[in-house]
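When the letters of the sequence shown are read in order and numbered with the working numbering, they come out as residues 64 to 214.
It is worth saying that the hints were derived from the structure and are not from the lab.
This one's a predicted model, so the numbers in the text were calculated from it and none came from an experiment.
Some hints could be false.
[What the hints assert, rightly or not] Below, a list of computed lysine-lysine pairs in the DSBU-like style, where the Cα atoms sit at most 35 Å apart:
no.: 1; residue 1: Lys-193; residue 2: Lys-155
no.: 2; residue 1: Lys-117; residue 2: Lys-146
no.: 3; residue 1: Lys-127; residue 2: Lys-117
no.: 4; residue 1: Lys-193; residue 2: Lys-127
no.: 5; residue 1: Lys-171; residue 2: Lys-146
no.: 6; residue 1: Lys-117; residue 2: Lys-171
no.: 7; residue 1: Lys-146; residue 2: Lys-120
no.: 8; residue 1: Lys-120; residue 2: Lys-193
no.: 9; residue 1: Lys-193; residue 2: Lys-162
no.: 10; residue 1: Lys-193; residue 2: Lys-143
no.: 11; residue 1: Lys-155; residue 2: Lys-120
no.: 12; residue 1: Lys-146; residue 2: Lys-162
no.: 13; residue 1: Lys-143; residue 2: Lys-162
no.: 14; residue 1: Lys-162; residue 2: Lys-117
no.: 15; residue 1: Lys-171; residue 2: Lys-143
no.: 16; residue 1: Lys-155; residue 2: Lys-143
no.: 17; residue 1: Lys-146; residue 2: Lys-127
no.: 18; residue 1: Lys-117; residue 2: Lys-143
no.: 19; residue 1: Lys-162; residue 2: Lys-120
no.: 20; residue 1: Lys-127; residue 2: Lys-143
no.: 21; residue 1: Lys-120; residue 2: Lys-171
no.: 22; residue 1: Lys-146; residue 2: Lys-193
no.: 23; residue 1: Lys-155; residue 2: Lys-171
no.: 24; residue 1: Lys-127; residue 2: Lys-171
no.: 25; residue 1: Lys-155; residue 2: Lys-127
no.: 26; residue 1: Lys-171; residue 2: Lys-193
no.: 27; residue 1: Lys-193; residue 2: Lys-117
no.: 28; residue 1: Lys-117; residue 2: Lys-155
no.: 29; residue 1: Lys-162; residue 2: Lys-127
no.: 30; residue 1: Lys-143; residue 2: Lys-120
[Claimed, not checked] If you anchor each label on the Cβ, the simulated ranges turn out as follows:
no.: 31; residue 1: Lys-146; residue 2: Lys-193; range: 13 to 21 Å
no.: 32; residue 1: Gly-110; residue 2: Glu-148; range: 17 to 25 Å
no.: 33; residue 1: Asn-165; residue 2: Gly-191; range: 23 to 31 Å
no.: 34; residue 1: Glu-204; residue 2: Asp-158; range: 37 to 45 Å
no.: 35; residue 1: Glu-192; residue 2: Gly-133; range: 37 to 45 Å
no.: 36; residue 1: Ala-167; residue 2: Arg-101; range: 15 to 23 Å
Every residue, glycine too, gets a C-beta built ideally from N, C-alpha and C.
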Amino acid sequence: MRASVAGVCAFVVMAGAALAVSPAQAKEPAACQAISFRPLLPGAPDGVQDAGLKPTKSGRVEIKADVQGGNATNYFMTLKGNKVEAGTGGPKVSDGCLKAKNVALPYKTQTAGACTGERFRVVIERQGEKRVAQFFGLHGEAWEHCSSAVM
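From just these sequences and the hints, can you work out the full model?
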């Protein structure tokens with residue numbers, strides 16, 4: 064009887080240790096993730112308007128739009144409250160991550176200050192200790208690059 068009680072106690076201790084390790088591993092951010100956003104509806108007030116917000120383990124991702132005459136003329140990404148300027152350079156997400164998130168390669172780059180689309184997607188990839196985010200606007204069936212930044 065004493066041996067079976069000791070065996071049960073040992074099993075409970077080992078199971079508890081295994082459960083204690085699992086939740087910590089489950090909280091690790093994904094190596095490649097995508098967040099999709101919808102555009103603003105026509106008729107929004109002029110100025111900078113919030114189009115979407117997503118808190119992630121990698122940081123807070125916001126999409127904002129410059130609105131003129133009730134229509135969005137430019138969408139942009141902010142990371143941790145800082146606007147990411149559009150440009151042709153900047154960090155890149157790997158081709159494998161983009162393909163996994165249904166961004167066809169090669170992709171076009173939208174003109175700086177004129178990021179538009181029918182939908183929007185931010186693809187985030189963990190590259191060692193840093194996180195890289197790329198912002199895309201959808202035109203037809205093609206995602207077009209708007210901006211990139213290290214989070």
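These are the hints, each one checked on the structure:
no.	hint	result
1	Lys-193 x Lys-155	holds, 12 Å
2	Lys-117 x Lys-146	holds, 15 Å
3	Lys-127 x Lys-117	holds, 12 Å
4	Lys-193 x Lys-127	holds, 24 Å
5	Lys-171 x Lys-146	holds, 21 Å
6	Lys-117 x Lys-171	holds, 25 Å
7	Lys-146 x Lys-120	holds, 19 Å
8	Lys-120 x Lys-193	holds, 12 Å
9	Lys-193 x Lys-162	holds, 20 Å
10	Lys-193 x Lys-143	holds, 14 Å
11	Lys-155 x Lys-120	holds, 20 Å
12	Lys-146 x Lys-162	holds, 26 Å
13	Lys-143 x Lys-162	holds, 26 Å
14	Lys-162 x Lys-117	holds, 22 Å
15	Lys-171 x Lys-143	holds, 26 Å
16	Lys-155 x Lys-143	holds, 19 Å
17	Lys-146 x Lys-127	holds, 9 Å
18	Lys-117 x Lys-143	holds, 11 Å
19	Lys-162 x Lys-120	holds, 22 Å
20	Lys-127 x Lys-143	holds, 13 Å
21	Lys-120 x Lys-171	holds, 29 Å
22	Lys-146 x Lys-193	holds, 18 Å
23	Lys-155 x Lys-171	holds, 14 Å
24	Lys-127 x Lys-171	holds, 21 Å
25	Lys-155 x Lys-127	holds, 21 Å
26	Lys-171 x Lys-193	holds, 25 Å
27	Lys-193 x Lys-117	holds, 19 Å
28	Lys-117 x Lys-155	holds, 21 Å
29	Lys-162 x Lys-127	holds, 25 Å
30	Lys-143 x Lys-120	holds, 12 Å
31	Lys-146 x Lys-193: 13 to 21 Å	holds, 19 Å
32	Gly-110 x Glu-148: 17 to 25 Å	holds, 19 Å
33	Asn-165 x Gly-191: 23 to 31 Å	holds, 25 Å
34	Glu-204 x Asp-158: 37 to 45 Å	violated, 18 Å
35	Glu-192 x Gly-133: 37 to 45 Å	holds, 43 Å
36	Ala-167 x Arg-101: 15 to 23 Å	holds, 20 Å
Violated hint: 34 only; the structure is consistent with all others.
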